[in-house]
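Novice: Residue numbers (my numbering), protein chains in the order written: chain A, 41 to 502; chain B, 41 to 502.
Calculated directly from the structure, the hints in this document are not laboratory data. Treat the hints with care, as some may be off.
A pair counts as met if it fits within one copy or between any two copies, since identical chains are not told apart.
Pairs of lysine-lysine, BS3-like flavour, derived with a Cα cap of 25 Å [unchecked claim]:
#	residue 1	residue 2
1	K406	K52
2	K248	K477
3	K252	K160
4	K487	K98
5	K406	K340
6	K104	K487
7	K441	K406
Given next are the chains, with one letter for each unit.
There are 2 protein chains.
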Amino acid sequence: MVDKAEIFDKLKSIVGEENASMDEAVLRVYSYDVSPYKGRPDFVVRPGTPEEIAEIVKLANQYKIPVIPRGAGSGAAGGAVPVNGGIVIELTRLNRILEIDTANLQVVVEPGVVHATLNKELAKLGYFFPVDPGSTDMATIGGLISNGGSGMRSVKYGVTRDYVMQLEIVLPSGEIVTVGSKAPKSASGYDLPRLFVGAEGTLGIITKARLKILPMPQAKALVLAAFDDLEKAGNAVVNTFAAGIVPSGLEILDRSALEAVKTYRPNLDIPIVEALLLFEVDGTPAGIREEAARIEEVCKNTGAVKVDIATSKERFDELWAARAVVGAATTALNPDCTRVYEAEDITVPITNVPKILLKIREIGKKYGMNIVTFGHIGSGNLHPALVINVLDDDEWDKLWKVSEEIQTAALEMGGTTTGEHGIGIARARFMEAEHGKAMELMRVIKKALDPNNIMNPGKMAL
Amino acid sequence: MVDKAEIFDKLKSIVGEENASMDEAVLRVYSYDVSPYKGRPDFVVRPGTPEEIAEIVKLANQYKIPVIPRGAGSGAAGGAVPVNGGIVIELTRLNRILEIDTANLQVVVEPGVVHATLNKELAKLGYFFPVDPGSTDMATIGGLISNGGSGMRSVKYGVTRDYVMQLEIVLPSGEIVTVGSKAPKSASGYDLPRLFVGAEGTLGIITKARLKILPMPQAKALVLAAFDDLEKAGNAVVNTFAAGIVPSGLEILDRSALEAVKTYRPNLDIPIVEALLLFEVDGTPAGIREEAARIEEVCKNTGAVKVDIATSKERFDELWAARAVVGAATTALNPDCTRVYEAEDITVPITNVPKILLKIREIGKKYGMNIVTFGHIGSGNLHPALVINVLDDDEWDKLWKVSEEIQTAALEMGGTTTGEHGIGIARARFMEAEHGKAMELMRVIKKALDPNNIMNPGKMAL
């Protein structure tokens, strides 16, 4: 048996008294994230430097204690939940933007920098980091990278991994290593940076990230298209791409989402239809006018009952607000219920979006759950909001069944259980079904890099 | 000692008599690629299915014989050269486009499909695979993926790894495994597809690839800007991005390249200046006019001596032709010399491009070599063309010195020895200097996946 007091003393000597805790109340705070899962840590530390993190990991490796890296704790899959106890390493003190090099289109940040903070600083200079998670005001860059996050703009701008140039990593051995390159492109050696993107802290801890940035587009416009039929909305998406247009965002609110938003914000001028598509285009002023007009034409030809183009900032912001509040609005239709993050991140090939939306309605009807669905149709990524009375055990039974059926349907339609939130604990049970023999490859890599299995164990079915 | 005749019999029984050879002339053909390196294989096989490849790899693993996957042999780094003998597996019989799914923006191809063939098929439907290597008419998709290739459009469209959704791989054990997803985005598990991108066949053999495609842009324009100063050309690149424009291509021809092109094609209407920038923009007709006008303004403000906008197809094609022939033109200035592919793929942060161009001139002067330099300035990727009289041993000495100095300079400027051609044998000696401790991580991965080191051994300094 390991002497906990002895380890705690060592941890305190590494990070300082004020940055280490075994206090019951503190441990409880770090037992959760946004998911319904929990697990009690033995220690919580808040290191201030990569070197301190390296010392902590060395200690953990020596005693074979789990290490759980944690950013803002805004993850929805239980990735930062210490299911096997151990040391939670909170990374929010490493929150400096170390370098902004606009001429070379890159920045260097510490993992604890909040996503919105980075984009606020970049906006002052006319640049942006294109990945745009809904949790921008909370999520840290380290968490975003570790969970392979993305957001609404992935249709045109891709996902986090496309922007990671170089990472500094504390390996499970406690060694600090830099992977990747400052060069805008590189074909030199294995693609190590991307091995750590989406690895959820199971292979090492990110202590620095060099990210690609882009100049802000000169102008944006929004096209709203209302459809009385889901299939037609799906076709409009396909036809828009076929017309040579790649929108910067392409969102869908189905009837359930529109009703929720309308209940939550009655003054918002949005139609209640089977499906509302929001197309965001960006580029030059004349370019976006042309693209918006073309999208309008495509949508009308595909059976839209109403199309609306917003170029004024006011209307643009009002319409995006409808999309932004939908998460919060999901419980508006069910005031005594709480949203539980389960099956909330399925992704299917674009042409299967109408089919899975109907399937979700069918599952909701079967179990008597009013499921609100919205998401990034342009990348096939949907966020069904499962809501239950969390004080009722029977409701939990229902939740697990609904979750199972929705995620199984996504896999059957050639999709994945997670487009941008990660696997963590929440989706681990689907890994074998999704990846088959490739799971063995993941396990071989995990074992080679972390032979003592100290790095965030119990996650991703590894 | 292994009985070669016995192995040859087994190989023949797997792929058929007509697809296996130990003939000296055949072995000689497979001893080379475009690089100056060579190595004699023991066997050459041309399998027709992934299952045959799996059988060959199992046999190789049993006898611990090297396996060297080969596409068109158009690689410039010696990646397909069998330095330790063994079985060359030529993949060009696997040359089918298995699926074109425009609605879901994806295709499935076998590794032996030639890049240009894929894009010809897609063009008929109004789509394209945006990665555009200069070797499009030769290079196979499998080679492109394995070498982490890219091309002129990477500024806007990224590199090969950004388009790889799913791969079927024959692992070193001979097992066939599928990694990745059909979903447009996924945060599920380790990013296995990208582990095989750029791995140069050292971790497995790609037998199928699902790739993302995009709709063809509606229109394109080209802006030519001539500068009497390299520094100003570099600034024009930075200022163009700063103006919110991300060109689809951004190429540079320096004085040496312009002179070579002019000697090779005297009728081409191009100026002889210190640096010529070619900006390609794509999008909607009005959008590209606006962008081209803005680039013209930026270039003039940054000191361009002449700016020319081409929107007509004729002028557009003529100007791109100047860029396309520069490789062939490199020996025009030195008719008794041959181009040797060494130090031909350096990449540095964009702002260091003028500096390294000057450095290359200085090195050329020092060694009395007329080095022609051109490349993708928008991604910092330059292709210096080293030319020598290959029949003269002293000239080879000179070549190695020039290569060493250019590549060392690239590393010192925060760059890499290869932006898109790969490491192979050619750049293996720089791996430690470039990656430091990260090399150990690459070796751990290699050893975990290929414990008998049969997959393309002797490459990438692994």
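Novice: Now, for every hint given, state plainly whether the structure supports it.
Specialist: Status of each hint after checking the structure:
{"no.": "1", "hint": "K406 x K52", "in the structure": "neither (54 Å within a copy, 58 Å between copies)"}
{"no.": "2", "hint": "K248 x K477", "in the structure": "between (33 Å within a copy, 16 Å between copies)"}
{"no.": "3", "hint": "K252 x K160", "in the structure": "within (16 Å within a copy, 32 Å between copies)"}
{"no.": "4", "hint": "K487 x K98", "in the structure": "both (17 Å within a copy, 23 Å between copies)"}
{"no.": "5", "hint": "K406 x K340", "in the structure": "neither (34 Å within a copy, 66 Å between copies)"}
{"no.": "6", "hint": "K104 x K487", "in the structure": "both (14 Å within a copy, 24 Å between copies)"}
{"no.": "7", "hint": "K441 x K406", "in the structure": "within (11 Å within a copy, 74 Å between copies)"}
In the structure shown, a violation is registered for the earlier hints numbered 1, 5, in ascending order.
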